[in-house]
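Asks: The lines below spell out each chain.
2 protein chains.
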Amino acid sequence: MKNLFCFANNQIEPLEKAGVPLGDLMVQRGYGIFDFLRVQDNKPLFLQAHLDRFFNSAAIMRLNIKESREQVIELVNQLIQKNNIPSSGIRLLIGGGDAPDGYTITAPHLIIIQQPLTAPADYLADTGIHLVSYNYTRQLAEVKTIDYLMAIWLQPWMKSLGGDDILYHNEGIITECPRSNIFMVTADNVLVTPNTGMLKGITRNNILSIAAENDISFEERPIHLQEFASAKEAFITSSTKRMTLVRQVDAHVLATSNDSSLSHILFERLLKKERFFS
Amino acid sequence: MKNLFCFANNQIEPLEKAGVPLGDLMVQRGYGIFDFLRVQDNKPLFLQAHLDRFFNSAAIMRLNIKESREQVIELVNQLIQKNNIPSSGIRLLIGGGDAPDGYTITAPHLIIIQQPLTAPADYLADTGIHLVSYNYTRQLAEVKTIDYLMAIWLQPWMKSLGGDDILYHNEGIITECPRSNIFMVTADNVLVTPNTGMLKGITRNNILSIAAENDISFEERPIHLQEFASAKEAFITSSTKRMTLVRQVDAHVLATSNDSSLSHILFERLLKKERFFS
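For the protein sequence lines, the chains are Z and X, in the order given. Convert by adding 2 to the 1-based position in the first sequence; the result is the number in my numbering. Convert by adding 2 to the 1-based position in the second sequence; the result is the number in my numbering.
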C-alpha cells in the first residue's frame with residue numbers, strides 16, 4: 003500500500019508516523035468525537051453537512067476546535083490532492099486534548115485521516131440483511147462520539163444469532179443501528195423512521211429530503227419492534243453504504259423487495275443527489 | 003520535568019515520543035480498558051490485585067494481552083527503576099488493536115505509563131466532599147473501560163450545583179462515583195456499600211477485608227439515595243485518594259465525622275494494610 007498522509011500534531015504527516023499522545027483524553031478517558039465522509043472521484047460527498055455535524059458534536063462535547071471551518075475544508079482538500087485515492091473515506095477526529103490531571107478538557111487536537119474505501123454498488127442489492135435487536139441507547143445519542151463499546155462488544159453475540167447487524171431499541175421502541183439509521187415502509191406505504199434517541203445521519207437527512215421533494219408520505223415518529231411484523235420494506239442508511247435492504251428483524255421476515263418498491267425509488271434519487279452535490 | 007519512560011509499541015521508550023496508532027480501536031471506537039495503581043517509595047501498591055482486575059477486564063472485553071502476567075510485572079518494575087519517581091501512578095492501558103476495518107478487534111498493544119502523583123495525606127481530612135447524584139449506569143459497569151464520557155461531560159453541571167464529585171444511581175439505587183466506590187455507615191453502625199452495577203475497586207475490597215478481619219458489621223446490598231438522610235458517616239474510596247469523607251449528598255448533610263468514627267478506624271487499618279503489602 004502506498005504511503006498515506008494524514009493531518010495530526012498540527013501538520014500533514016505520514017499516517018504511520020502519526021499517533022494520539024498517550025495523555026490525550028481520547029486515550030485516557032474515551033472522550034472524543036468524529037465524523038466520516040465518503041470521497042468519490044476525489045470529491046468529498048456532502049462535506050458541508052458533515053462539517054455542520056462535526057462542529058455541532060464538538061460544541062455539545064465542549065471541544066474547542068481551533069481550526070476554522072474554512073481551514074478544515076482546506077486540509078481535507080490538501081489530503082485529497084496529496085493522497086490521490088479517488089474512492090476513499092475521510093475521518094475527522096478530535097478528543098479532549100492533553101490533560102495533566104487526566105480528567106479535564108484542555109486544547110483538543112484535530113486529526114484527519116484518509117483511507118481507501120470501496121465505493122458502494124450503484125444498485126440496491128436485493129439480498130437484505132438480518133438485524134437482531136438489543137435494548138440499549140447510546141450515551142449522548144445525538145452526538146457522534148467515538149463510543150462504540152457496546153457495538154463491538156456485542157459482535158460475537160450478534161453473530162451467534164445469525165445477525166448481520168444490531169438494531170438498538172429502548173424498551174421496544176427502535177432507535178438506530180450502531181453505524182446507521184433505520185427506515186421502514188408501512189403496509190399503507192408510509193416511510194417511517196425514528197425521531198429520537200439516535201444520531202441523525204447525513205444519508206437519513208438526504209432520504210427525508212428526497213421524500214419531501216417527491217411527495218412521498220413520511221413520518222419521523224416512535225416505532226415499535228412489533229411493527230416489523232406488518233412492514234412492507236425496511237432499509238438502513240449510512241454514508242459508507244448508502245442504503246442496505248433489511249430482510250429480517252429478529253423473528254420478523256419482511257417481504258422481498260422488488261424494483262418497483264419505494265426503497266428502489268429512494269435509492270435512485272439518492273444517487274442523483276450525490277451526483278448533484280459532487 | 004525530567005524525561006519519563008513508558009512502555010508502548012512493544013518497547014520502553016520516551017513518553018513524549020509514544021502515541022497510540024490512529025488505526026487502533028481505542029482511538030477509532032473508544033474500545034479499551036485500563037488499570038491504575040499507586041507507587042509509594044518506589045513500590046507498586048496492591049500490584050497483584052490490580053493485575054487480577056486488569057487481566058479480568060481484558061478477558062471480558064475479549065482483548066488478548068500477549069504479555070504474560072510475569073512480563074507485565076517485569077515491565078512495571080523496569081519502569082519504576084528507570085523513571086525513579088518514588089511517589090507516582092502507573093497506568094496499564096490496552097485497546098482493541100489496529101483494525102483495518104475500523105471495527106474488529108485484532109492484536110491489542112499493551113501500554114504502561116508512569117507519572118508523578120502526589121501521595122494522599124496520611125490522615126483522613128475532616129472536610130468532607132459534596133456529592134451530587136445522577137441517574138446513570140456505566141456500560142459494562144464491572145469492567146474498568148476507558149469510557150468516562152458522561153463523567154467528563156457532566157463536570158460543568160456538577161460544579162454548577164456546588165458538587166465536588168458525582169454519585170451515580172440507577173432509579174434511586176446508588177452504585178458508584180465515576181472514579182471511586184462509596185460506603186455509608188448507617189445509624190446502627192453497619193458499614194454498607196452497593197453490591198452491583200459498579201466497578202469493584204481494589205480499595206473497596208481492602209475496606210471490606212478490614213471490616214471482616216476486625217468484626218465490623220458490614221453489608222454489600224442495594225442502597226437508596228434516601229438512606230443518606232439517616233446515615234452517620236459516608237466516604238468514597240479509590241487507589242489514588244484512599245478514602246475521602248462525604249459531608250453532603252444532594253440535600254442530605256451528614257453529621258461531621260470525628261476521630262472515633264468508624265471511618266477513621268478503617269482509614270488507620272487501611273494505612274497498615276498498605277505498609278504490610280509494600
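Honestly, I wouldn't trust all of these hints.
Repeated chains share a single entry, so a pair holds when one copy, or any two copies, can fit it.
Said to hold, decoys possible - Straight-line alpha carbon distances no greater than 30 angstroms define the calculated DSS-like cross-link-like pairs of lysine-lysine that follow:
| no. | residue 1 | residue 2 |
| --- | --- | --- |
| 1 | Lys-68 | Lys-161 |
| 2 | Lys-275 | Lys-19 |
| 3 | Lys-274 | Lys-19 |
| 4 | Lys-45 | Lys-243 |
| 5 | Lys-45 | Lys-84 |
| 6 | Lys-161 | Lys-19 |
| 7 | Lys-275 | Lys-161 |
| 8 | Lys-68 | Lys-19 |
| 9 | Lys-19 | Lys-84 |
| 10 | Lys-19 | Lys-202 |
| 11 | Lys-275 | Lys-202 |
| 12 | Lys-68 | Lys-274 |
These aren't lab readings, by the way, just hints derived from the structure by calculation.
Asks: It remains to establish, for every hint, whether it holds in the given structure.
Replies: For each hint, the structure was consulted:
no., hint, verdict
1, Lys-68 <-> Lys-161, "between (42 angstroms within a copy, 25 angstroms between copies)"
2, Lys-275 <-> Lys-19, "neither (37 angstroms within a copy, 45 angstroms between copies)"
3, Lys-274 <-> Lys-19, "neither (39 angstroms within a copy, 47 angstroms between copies)"
4, Lys-45 <-> Lys-243, "within (17 angstroms within a copy, 52 angstroms between copies)"
5, Lys-45 <-> Lys-84, "within (13 angstroms within a copy, 50 angstroms between copies)"
6, Lys-161 <-> Lys-19, "neither (35 angstroms within a copy, 39 angstroms between copies)"
7, Lys-275 <-> Lys-161, "neither (34 angstroms within a copy, 46 angstroms between copies)"
8, Lys-68 <-> Lys-19, "both (23 angstroms within a copy, 23 angstroms between copies)"
9, Lys-19 <-> Lys-84, "both (16 angstroms within a copy, 26 angstroms between copies)"
10, Lys-19 <-> Lys-202, "neither (34 angstroms within a copy, 38 angstroms between copies)"
11, Lys-275 <-> Lys-202, "within (18 angstroms within a copy, 52 angstroms between copies)"
12, Lys-68 <-> Lys-274, "neither (35 angstroms within a copy, 49 angstroms between copies)"
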